[in-house]
Amino acid sequence: MIRAYLDFIRAVSLGRLGRAGVVLTTTAFVSFVFMQLAMLSGIVTNSYVGLIVYLAFPVLFVLGLVIIFFAWYRQRKRTGLTTRELLERRFGPDGVKEDLAGSKVFRTVAVLTLANLVILGAASIKMLHFMDSAKFCGTACHSVMSPEWTTYQASPHARVACVECHVGEGVAALVNSKLNGAWQMISAAFNLYERPIPTPVHQLRPARETCEKCHWPSKFYGSRLQTRVSYENDRASTPHYTTLNLKIDAGAAGNTGVHWHISPDKEVRYASVDDDREEMIWVESRQPDGSVRRFVNTRLSSRDPAADEVRTMDCVDCHNRATHIYQEPDRAVDEKIRLGAIDRDLPFIRREALAALRGDYPSFEAAESGIRAGLESFYRRNYPDQTAAWYDRIDAAIIELEGIWARNVHPGMKIEWGAYPSFLGHSDNPGCFRCHTRDLQDEEGNWIPDDCTLCHSILAFGEDDAFAYLEPTPEKARNRAMHEYLREEFLASTRN
Amino acid sequence: MRQTLKAMTILCLGVTVSVGAAEDPKAAGACMTCHKEKTPGIYKQWFDSEHAAHNVTCLGCHQAQRGDNDAYQHYDALIATLVTPADCGRCHARAAEQVGNSYHATAGQILDSADAYLAHVAAGDPVAVIGCESCHGAKVVVDPKSPNKLARRSWPNSGIGRINPDGSLGACSACHTRHGFSKAQARQPEACSKCHLGPDHPQKEVYEESKHGNTYFTNKEAMNLHADAWVVGADYSAAPTCATCHMSATKKQGVTHDVGQRIAWTLRPPISKHKDSWQTKRANMQDVCAACHTATFSDGHFYQFDATVRLYNEKFAVPATNLMNLIRERKLLENPASFSNEIEWTYWELWHHEGRRARHGAAMMGPDYTWWHGFYEIAQHFYFKLLPEARELGDPAVNAFIDNLLDNDPMHSWVREQTEDLKKQIRSGAMQKTYQRFFIVED
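Each protein sequence line maps, in turn, to chains F and U. All letters in the first sequence, in the order written, are residues 1 to 496 by the working numbering. All letters in the second sequence, in the order written, are residues 1001 to 1443 by the working numbering.
Source of the hints: derived by calculation from the structure; they are not laboratory data. Certain hints may be false.
DSS-like mimics (lysine-lysine), calculated; alpha carbons at most 25 Å apart, straight line [unchecked claim]:
1. 476(F) to 1183(U)
2. 1251(U) to 1183(U)
3. 266(F) to 219(F)
4. 1026(U) to 476(F)
5. 476(F) to 1036(U)
6. 1281(U) to 1204(U)
7. 1281(U) to 1183(U)
8. 1204(U) to 1273(U)
9. 476(F) to 1044(U)
10. 1252(U) to 1183(U)
11. 1194(U) to 1044(U)
12. 1281(U) to 1252(U)
Here the structure is a predicted model, which means the values were calculated and not measured.
Given these sequences and hints, build the entire structure.
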């Protein structure tokens, strides 16, 4: 059997080129099988190996086959012999009969072709499957995707594969994504891509189709209490609390809330000045009676930009950074202090941490040494006697800061602090106020409500106590009118 | 006008209680909620202010009455953006009345002044808005189409003599800037130096070079600036600021927002004049000096200062003004419009720029401003610009006027004498005698 196969192989290898094709195909096949076994048995776990096994080997395998046929074609051209004559010369009269289909050669080729198809089919499925994995998306184009891969891994969606949101289901989505991927390969190879990569606002699947697989509108009900701690840049890094009772209802049972925008019986549409979607040309909402109420940006009237695209509002118009979340340095540091990873007992730690993070570093290595130098020199200079005793805590803080920097700043992709703003809320970006602004007015001069308590009750706003406004107002509080107003508003909102 | 203002102030005082009561505390809470986030600077300034400590909230000042022509509905409150001395006067009645009576309150009525004319013809309206009205005060125009009902050409404006839609004059925020309403701020020279500086009235610069300024800037921490009462000689004695001499309390005088009450001369016009009841005003000022100086000491200062003002008047201002009047009477100027001939600019700068610098320098103990920025430039421009430009007109009467001045006026005849002779006169004291007549004590 083996001898017959080897004979066949020898006969098929026409000239040096043919032999090369045979070697290529055989090697690729043997390696593929070998590596597949190694991966299945857990000997090899490196994700990059998948790249070689599922992409490189099948391609080499096919390439070898093509070369073999090309060698035959060339030989026929050169010698002027017909295929039959060539076959007879290589396989002898035994192998080739009058009726070609009944020949031994034909049978062998047919069997082997079938085997090749099976192998290739299996390899293709494995290849597609591998390309659907987050690891492939995140690491195949390492330098380009590194920022997105980093933020994705730290996100609430870290266990949802990239393709779940970015590709979608069905043949059309698959073909589309592969064509898109081919272009991405070219742009990566020839350095044609933009830095930082623009948010793929047009390529993304419809958010309602994707997100609502897990987060469906009828799930958004009631309110959600959220306390955010921020620390002052003083010696003690004094904490201040902001507690919001977020009204997140979708509008069922007469409640209002921020998910009103996507409740099934509503439609909000808008046209923005550009793909940043930060400045609106107009916004309109469809009323229950079918009429449309449009608010036009009065500040743009003189510029009058044309609306290229009209968008129906969905999840990503607010949750534009649901996964690839880039932090602002102050928020990131506050979070680490809250978790105790950065020790607030170190004097001026927040102020110094932020100063170190905001340094202008050309690379991660520069940031690493810059952050370390910044913090260490501050404590050595100002607290020479205590620095040794504090060293472990200073060192721990430095490591946390380096981590924050590595997550959020990517000089290779020109991603600085704040490169990708989040539209959620309105603390770092106009966010909600992109539309809820007096600049947008209807024909009667009304604007979309922008009252503070429309979307959240406020139980503390930068106060020493997380529930300052719920507690009895101190007699001497200068802003007691605000305490009382917000307490009443919260209580009234919970009674609804 | 003053009568109207007084009546209005009294009326406002009457409604203070009712307005205070009408203020809805819930609405003020809503104001704070948003403005703490949207305009954190304003909120923080207010939060740290005495107003906040005394429960004066947003609506205490900004609440409008139905029918006010600048009122507008802002969420649940009817408010006005503009807060005028009449509004402040609801609580600060005396201060508002004093402001209304002060020279400051008239600063907005400049449309007929030479300064305003010059800015409009030589520059243009936008310059008048920023360059003149920022300090003098705009006539604030109500525009029903504007979101805050105020026309953009006239708002923002914090000029000291602002003409407000409610008829009141002035802007308390000119000195008590924005939402801090700080007394401490208004007590410091920086509060005045947005306007009182520059080539035409460098009070800031004169103060900075004076002994008073020196001691202030080197002892600022000893100034007790945040004290409730701020009586010179009692609450502080390190140095006087602008406010100390012109407004703040002494042991005898209460604080006044009528800035002219301690000034004897007006050094503003081409020829300096004593103000009405200048003796009382001089006495008021000397009462301030008395916190730190004996009467003999301050008498000496005013003796020197008054002589310098008289010298300015008689040596330069009167002859220059007479010369210009002669030129105008004889219709010798080429162009008809005021300021369309170079000699008019020369004369203008002589009194309006260096002339004032010299006098203000003398008033506030600024040696450099009295001489190098002052009389030195007056003399240079008088002898080598004004007189030659006048001679160029080729008019016999003008030439005769100039010759008479240089030949017969002992203050000017030096130009026709020998240096050695002049030096001898200086050494012998003969030259000084020429000016002896300016050192007099007037009653």
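Now the hints, each set against the structure:
For the proposed pair residue 476(F) and residue 1183(U), the alpha carbon gap of about 22 Å is at most 25 Å, so the pair holds. Between residue 1251(U) and residue 1183(U), the direct Cα distance comes to roughly 19 Å. Compliance with the 25 Å bound is thereby established for this hinted pair. About 16 Å separates the Cα atoms of residue 266(F) and residue 219(F), which keeps this hinted pair within 25 Å; it holds. Taking the CA atoms of residue 1026(U) and residue 476(F), the gap is about 17 Å. The hint holds against a cut of 25 Å.
Distance hint between residue 476(F) and residue 1036(U) is fulfilled; the C-alpha atoms sit about 19 Å from each other, no more than 25 Å. Distance restraint check for residue 1281(U) and residue 1204(U): the Cα-Cα separation of roughly 22 Å lies within the 25 Å cut-off, and the hinted pair is therefore satisfied. Proposed proximity of residue 1281(U) and residue 1183(U) is supported: the alpha carbons are some 24 Å apart, at most 25 Å. Between residue 1204(U) and residue 1273(U), the direct Cα distance comes to roughly 22 Å. Compliance with the 25 Å bound is thereby established for this hinted pair.
At roughly 16 Å between alpha-carbon atoms, residue 476(F) and residue 1044(U) fall within 25 Å of each other, so this suggested pair holds. For a cut-off of 25 Å, the pair hint linking residue 1252(U) to residue 1183(U) stands: about 20 Å separates their Cα positions. A distance of roughly 23 Å separates the Cα atoms of residue 1194(U) and residue 1044(U); the hinted pair therefore holds under the 25 Å criterion. A C-alpha spacing of about 14 Å is found between residue 1281(U) and residue 1252(U), which places the hinted pair at or below 25 Å, so the restraint holds.
Checked against the numbered hints above, the structure violates none of them.
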